[in-house]
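Undergrad: Chains as they are written, first to last, in the numbering used here: chain L, 799 to 1425; chain A, 96 to 443.
In case anyone wonders, no lab produced these hints; they're calculated from the structure. Treat the hints with care, as some may be off.
Unchecked claim - Derived list of chain A stretches under chain L, where covered just means 3 residues or more per stretch with a C-beta under 8 Å from a C-beta of chain L:
hint, region
1, 129 to 141
2, 361 to 367
Claimed, not checked - List of simulated lysine-lysine pairs, DSS-like, C-alpha gap at most 25 Å:
hint, chain 1, residue 1, chain 2, residue 2
3, A, K144, L, K1189
4, A, K124, L, K1189
5, L, K951, L, K1037
6, L, K1189, A, K208
Cβ atoms here follow ideal geometry from the backbone N, Cα and C, with glycine treated the same way.
This is what each chain is made of:
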Amino acid sequence: MFDSKKKIINNQYPAWKYLLLMLVIVLGFIYSAPNIFGEDPAIQISPVKSIQFNKTTEQSILEALKSAQITTKKVEFSAGKFLIRLHSLDDQLKAKSVLKQTLAKQAVVALNLAPATPSFLRMLGGQPLYLGLDLRGGVHFLMDVDMESAIEKSYYRYIDEIKAELRKEKIRYLGLVYEDEALLAKFRNDESLEKAKNLISIQFADYFTQETSSISKSPSIILTLKPQAISEAKKYALKQNITTLRNRIDELGVAEPVIQQQGDRRIVVQLPGVQDTAKAKEILGATATLEFRLVEEKADAVRAEKTGYTPNGSRLYHFRDGRPILLKRSIIVSGDNVTNAQSGIDSESGSPQVNVTLDGSGGRKMLAITKKNVGNRMAVVYIENSVETIKVNGEIVKKRTTSKDVINAAVIRGQFANRFQITGLDNPNEAQDLALLLRAGALAAPMEIVEERTIGPSLGADNINQGMLSIIAGFLLVLVVMAWRYKTFGMIANVALTLNLVLIVAVLSLMQATLTLPGIAGIVLTVGMAVDANVLIFERIREELRSSSVQSAINAGYEKAFVTIADANITTLLAAIVLFSFGTGPIKGFAITLSIGILTSMLTAIVGTRAVVNYLYGNKPVEKLSI
Amino acid sequence: MSKKKIQNNQKTIADLTTNKLINFMSYRKLAMIISLVLVLVSLTGLFVKGLNFGVDFTGGTIIELGYDKAADVNEIRDALQDSGYKGAVVQNFGSAEDVLIRIAPIEGMQSAKISNKVMDSLKEFSSTPFELRRVEFVGPQVGEELTEDGALAVVYALIGVLIYVALRFEFRFSIGSVAALIHDVIVTIGVFAWTQAQFDLTVLAALLAVIGYSLNDTIVVFDRIRENFRTIRDGTPVEVTNLAVNQMLARTIMTSLTTLVVLISLFIFGGEIIHNFALALIIGVVVGTYSSTYIASAIALSLGVSKEDLMKPIKEGASAEEQEAELTRMFLEEQAQIEAKEALKAKP
């Protein structure tokens, strides 16, 4: 600012500064504008896997709505999805059920509130604020993936692989089992042990470290997964679980769900607008999968249960009512092979059933087995893994439970391949859920909900109203205080403060940062603190006025206060950054609005007010300031 | 306008004393004693009564229900007792229609499902219809993490401040400001301990905001102390500090006022959820205003901050420019005064 050897005191802004300021103001108003248009009740229709919408879909949607006498406001098609804007909330519910019937299994039909932003604003990229769940209502889940199970599972996967390799190389082994977070391989003699060691160090070098063990009498080695392989397993489990969750949530029909990884073992799920949390919890947390096994017909299950002895190659299971049954150890196919599943009612018995479609390899296996086993029974095993963290005597412990129930065992009447029915389910709801879970795929590892925050729609609306009320009340009070203390200069600061609010809203809207209730509190706090810069400047001008002229007092007030303002704001930013880096959802919202507010206030309170002050008083013969 | 002539950039205390100075610093011993007592009382509260931690930290379930008419808290309590939730705390929340149910973690129960089970059993028992307003469930492991992270956040914020102030000012100032911040945090927590107002995540966020705010205040005073040390040729450090506090008094009061005004608006209108957040900030702002005046500067003084400590940077090249700029400004100022006078004369 001191290139001014020619000018006396530089209380004038160059034109470009005014232009820049005008530009900021115009942009501020444009990007905060979308927030005043409200929202349309709407229906969002997205296709299920492998289906693409076309003209006929649109035709059928429109016809269905027409025949139900629902008038649409607008039908939009973008990114493969339909968005149908409607006039009322009643229409919305009606339209949802109508469209669900029409499109049946081809699409996910979800209720949505679509911002009614005019198209010219949308073309400029204008969007309304992204409201957090505490403002719009909905469920927030934090799910913890049971990584210990994931690692265990990956050990089991390797058992099969290693066994296959050993057989291929004709190395004879006594056993290969998972024990104490490692694999224990036993051999008949040292020779095969050495061969196996050699094989593993070549084939599985990347995955296992091996160590000779003296646990058992026979020569044996302990195989432990390398840290890298463990982290691979964890990453895989997390990724797989996120994919599965996404599929399941699509099945639930939620508009704009958020599914995000948090840290290295957690997944955040946010479902705006969902109220039935019981159903959501069941579906999201369920680990149910199926296995199809042949029944061991040669032995008696009841006796096996009594004696505890099961014939080679078989295992004891129980029906849901407690009856025992012996099943063969080898699995025919599992839930992983299921490509589609639909619930229905068996037309003969009227009992619920699930129609299952298998993939190619599953179909081939099924065909081969059923061909040889006509007249034998095949059982469907329903497996559920769950994990929960509970406090026992003050200690935090993880409790894992696995239940394996046989839901039915039916005689194979003829050979079949990739299409068949499962019966024996308790009720139609169970059939529906099972079909959904089979369609969406299995979780790689069980998960538990470790945090839930549900906000009902009425509370969300209340939160917005109360938040707005406190912003407005606080804002007006600050305006009064400033005008009372600093007269004309106070009014200038008030203009800057108003502009600051507009800018905060514009930046938040543009960034699509989540606005939460603490975020609103952050805005309120910013309103109170943003004037600090002006208070500092104005007090300094008053002070300077005692010893110098008007022009130099203005100049000195702004110049000298600047360092102080910068210092003070940097420290507040520091606190906001700490807040952001440690905070969870809502707290982050507070940190974000506080930081944005501090930055925009620097602009409005320093540059903004200076521009007005310079325009009014700059280099003009003013005797007295109204300050 | 002042009649004093400005000969160079070194003013005296008398030059700058137009109003009566309040001798803040003479009360600094008393203030220290008061603060010490406040801190001790707060710590006693913390140890004797402890904090009433929210589910964010303890783990457990909170259910907020909105009834159509005034809710019968006793009936709800009985219904919960009958369904086996013995430890459930039931109370009104903000209004007679709103009810808040707190359930501590129950041993050996699938905790995430508690809220749904409670809803089911209340639906069975209750005669008045109600709707679900809010559920918060925090698992025990998350509660522990949040407690740990929260404590760490406060510590990190303080360390950050220590470094920033040490870099920007001087080490003794940095100790003074951190002492003031710790004082503010302890006193705010103390009020929460004695009143047993609920301490949850938002309150923790408020504490961090208090740190930011109080520091803001402290920095503004420090900044002025530094400036005074540089521009005033006489005066002991105590006098210089006292002058700075006086000069910033109007600003301190104004900013505290505007901040308090919005916080009170938040406290009154912001709703029950944000209540304790606003409370923590209100206490923090009041205490922070006081501590930045007394604790921060007083400690810096008693550690022996002197003129020389803050003059150091002036010797460096960059600051020489600053001095030059200051001289230029002085010159321009005089010119402007002459111009202004001439302009006045020119007027008929």
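Undergrad: Now tell me if each hint is right for this structure.
TA: For each hint, the structure was consulted:
1. 129 to 141: violated (count 0)
2. 361 to 367: It holds: at least three residues are needed, and the region 361 to 367 of chain A offers 5 whose Cβ sits within less than 8 Å of chain L.
3. A:K144 <-> L:K1189: Measuring from Cα to Cα gives roughly 24 Å; hence the hint holds.
4. A:K124 <-> L:K1189: This hinted pair is violated, its Cα atoms lying about 50 Å apart.
5. L:K951 <-> L:K1037: holds, 15 Å
6. L:K1189 <-> A:K208: holds, 15 Å
In the structure shown, a violation is registered for the earlier hints numbered 1 and 4, in ascending order.
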